[in-house]
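*Asks:* Here is what each chain is made of, one letter per residue.
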Amino acid sequence: MAFFLETLIGGLMSGMLYSLIAIGFVLIFKASGVFNFAQGAMVLFAALAMARFSEWIPAALGIENKVLGNVLAFAAAMVVMVIVAWLIERLVLGRLVNQEGITLLMATLGITYFLDGFGQTLFGSQIYKIDVGLPKDPLFLFDSVFPGGILVSQEDLYAAVIAAALVAALSLFFQKTATGRALRAVADDHQAAQSIGIPLSRVWVIVWSVAGFVALVAGVIWGSKLGVQFSLSVLALKGLPVVILGGLTSVPGAIIGGLILGMGEKLSEVFIGPMIGGGIEIWFGYVLALLFLLVRPQGLFGEKIIDRV
Amino acid sequence: MLYRENGQFKTSYRADQAVFPIAQDRLAIGLILAFAIIVVPLVAPEYLFRAILIPFLILSLAALGLNILVGYCGQISLGTGAFMAVGAYAAYNFQVRIDGMPLIVSLLMGGVCATAVGVLFGIPSLRIKGLYLAVATLAAQFFTDWAFLRIKWFTNDSSSGSVSVADLKVLGLPIDTPVQKYLFCLAFLIVFAMLAKNLVRGHIGREWMAIRDMDVAASVIGIRPVYAKLTAFAVSSFIVGVAGALWGFVHLGSWEPAAFNIDRSFQLLFMVIIGGLGSIMGSFFGAAFIVVLPIVLDNMPYWFGIPIDTALASHLTFMIFGALIVFFLIVEPHGLARLWSVGKEKLRLWPFPH
Numbered sequence: 043m044a045f046f047l048e049t050l051i052g053g054l055m056s057g058m059l060y061s062l063i064a065i066g067f068v069l070i071f072k073a074s075g076v077f078n079f080a081q082g083a084m085v086l087f088a089a090l091a092m093a094r095f096s097e098w099i100p101a102a103l104g105i106e107n108k109v110l111g112n113v114l115a116f117a118a119a120m121v122v123m124v125i126v127a128w129l130i131e132r133l134v135l136g137r138l139v140n141q142e143g144i145t146l147l148m149a150t151l152g153i154t155y156f157l158d159g160f161g162q163t164l165f166g167s168q169i170y171k172i173d174v175g176l177p178k179d180p181l182f183l184f185d186s187v188f189p190g191g192i193l194v195s196q197e198d199l200y201a202a203v204i205a206a207a208l209v210a211a212l213s214l215f216f217q218k219t220a221t222g223r224a225l226r227a228v229a230d231d232h233q234a235a236q237s238i239g240i241p242l243s244r245v246w247v248i249v250w251s252v253a254g255f256v257a258l259v260a261g262v263i264w265g266s267k268l269g270v271q272f273s274l275s276v277l278a279l280k281g282l283p284v285v286i287l288g289g290l291t292s293v294p295g296a297i298i299g300g301l302i303l304g305m306g307e308k309l310s311e312v313f314i315g316p317m318i319g320g321g322i323e324i325w326f327g328y329v330l331a332l333l334f335l336l337v338r339p340q341g342l343f344g345e346k347i348i349d350r351v
Numbered sequence: 052m053l054y055r056e057n058g059q060f061k062t063s064y065r066a067d068q069a070v071f072p073i074a075q076d077r078l079a080i081g082l083i084l085a086f087a088i089i090v091v092p093l094v095a096p097e098y099l100f101r102a103i104l105i106p107f108l109i110l111s112l113a114a115l116g117l118n119i120l121v122g123y124c125g126q127i128s129l130g131t132g133a134f135m136a137v138g139a140y141a142a143y144n145f146q147v148r149i150d151g152m153p154l155i156v157s158l159l160m161g162g163v164c165a166t167a168v169g170v171l172f173g174i175p176s177l178r179i180k181g182l183y184l185a186v187a188t189l190a191a192q193f194f195t196d197w198a199f200l201r202i203k204w205f206t207n208d209s210s211s212g213s214v215s216v217a218d219l220k221v222l223g224l225p226i227d228t229p230v231q232k233y234l235f236c237l238a239f240l241i242v243f244a245m246l247a248k249n250l251v252r253g254h255i256g257r258e259w260m261a262i263r264d265m266d267v268a269a270s271v272i273g274i275r276p277v278y279a280k281l282t283a284f285a286v287s288s289f290i291v292g293v294a295g296a297l298w299g300f301v302h303l304g305s306w307e308p309a310a311f312n313i314d315r316s317f318q319l320l321f322m323v324i325i326g327g328l329g330s331i332m333g334s335f336f337g338a339a340f341i342v343v344l345p346i347v348l349d350n351m352p353y354w355f356g357i358p359i360d361t362a363l364a365s366h367l368t369f370m371i372f373g374a375l376i377v378f379f380l381i382v383e384p385h386g387l388a389r390l391w392s393v394g395k396e397k398l399r400l401w402p403f404p405h
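Those sequence lines, one after another, are chains A and B. Residue numbers 43 to 351, in this note's numbering, belong to the letters of the first sequence in order. Residue numbers 52 to 405, in this note's numbering, belong to the letters of the second sequence in order.
Bound conformation, chain A alone:
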């Protein structure tokens, strides 16, 4: 029982991290109808920027304080992500307005290649560390209930808390600010939003910047967990089944989808995996999402797809 709970909690926490990536997908899909494959590349790019700035800035300015160095690096990385967002809107999406979904998907794949190459050219391609002071020691919970307690990674716990805070901040931003309202209007209906004077191109820059911010947070958390390296880019592939399971247009869906998949993945790996050879984590999420979609084609919370002739 204790082992089961341990696996379950571990799964939920890694699910929270998948959600972080999925939220980036959902934000951009809602606001511009672009299925942004480059989200993973943005995570890598942001993490690389963060990792390198946290070396360069303290060295250049002679800052001893670690927290201040990290904050400055985070701010600098955020500026870089805004510039990336602006460039993407300017050079790519602005010119592909009204194209079919698959063309846009391919364009973001092109962006993925570009960002992967560009990030590593700019920031180097070794494995870097991000140290934001997340505690690494495991924690033992419920000592009194189970013998030995349940082992929980403190790092994962903090990451999950940060992710939850991020989600709360995002929903406040979307519900309570004027910009957030503009974003929701665009997500609802591009033309209507444009006709009441919401500038589409600026909204897209903002959305891509927000997605860049989410990517940065995801990059910092994943980067401090696994080290910043090329494989972070592949994380996008972990986010995809989460998005379709939760529904392409729903932020809460991304979170719940992430939790379900994270949990399912860990439990299946531990309990079913040994029976059929192990390593089933790679495809389990996808097959689960596929089976789920057979029942509900728009995902858990996606907008119902209505076909009209």
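No lab work stands behind these hints: they were computed from the structure. It is possible that part of the hints are untrue.
[What the hints assert, rightly or not] Derived coverage of chain A by chain B (criterion: at least 3 residues anywhere in the stretch with Cβ under 8 Å from a Cβ of chain B; other residues may be distant):
hint, stretch
1, 105-118
2, 145-157
3, 334-342
Note that the coordinates shown come from a computational prediction; the quantities given were computed from them, not determined experimentally. Think of the CB as a built atom: it goes at the ideal place given N, C-alpha and C, for glycine as much as any other residue.
Since chain A is already given, all that's left is putting chain B on it; use the hints.
*Replies:* Relative to chain A, chain B alone:
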């Protein structure tokens, strides 16, 4: 002046339904085929065969198959690499486990197995549409990646899923030198291209296109979506499976599951989109572009004599590749095939545009 159809009267139904109704087109295709079959084997150096021509032929076959699914039937698939892998490993099993199995039969049986898997993963397309389907097809990709790595039976108990074939023979003739391999692949490509061309202009191709353009409307006028979608998956994955088998047997010789990973799927999708969705010709253009581009980019520094370290060069290649993809999508979202048909239109009036 040279390329125009006036004066060419169609006097029979056969002539009206010809694949290439214009005499100049027939002549051009004949010349291209003659060039590919006779001239190329005589003049091309060995490097060209191995690095460009054979991959180009096989990948354009795969792109052709994918184009039927994505371009004609409108079902986006990100799992093409999986169907190639199924074709390759199934053909391998037929070749190894059955003594004296003819090579061509093995390759075709590889295609048949890919068809079965393709139809299986195509069934969700009846319910799931658009981008949801695209992501769902990734399930096929990751599942086969895993299956060929972990299930030892598929790979004849070899470790890490790597297998190899040797001494390929067709009707007693060895397929050994690059020229023989080239001609072997070319024969497959010609046969399948003709089949595909005729399929897409027949009634089944029209059904696919109707489903692509709007599936609800298509089913209203009496097209069965189940039949149309599943046949598209079947035909597409058969061709892709054969291409996969050729890729393993003829091009690689020995391979492991990573040869058919998700990058291969993306590469094929790039070919189809850059070449032109819904165009047989476009598959060839796309394949040529995507096969040649990385080689050109890789060799660029050497040609200009710029010393550049390999890691940086590979990152720059990534960047330029990505930028060019985006550039092409912006300049010509309908692909190279559109440029081709625009060129043909212009040529009809040339040199007197009025």
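*Asks:* If a hint holds in the structure, say so; if it does not, say that too.
*Replies:* We went through each hint and held it up to the structure:
Requiring three or more residues with a Cβ within less than 8 Å of a Cβ of chain B, the coverage given for the stretch 105-118 of chain A is violated, as only 0 such residues are present. As drawn, the stretch 145-157 of chain A meets chain B at 11 residues by the rule of a beta-carbon pair under 8 Å; at three or more, the given contact holds. Closer than 8 Å: that is the beta-carbon criterion, and the stretch 334-342 of chain A has 5 residues meeting it against chain B, so the requirement of 3 holds.
Violated hint for the displayed structure: number 1, the only one.
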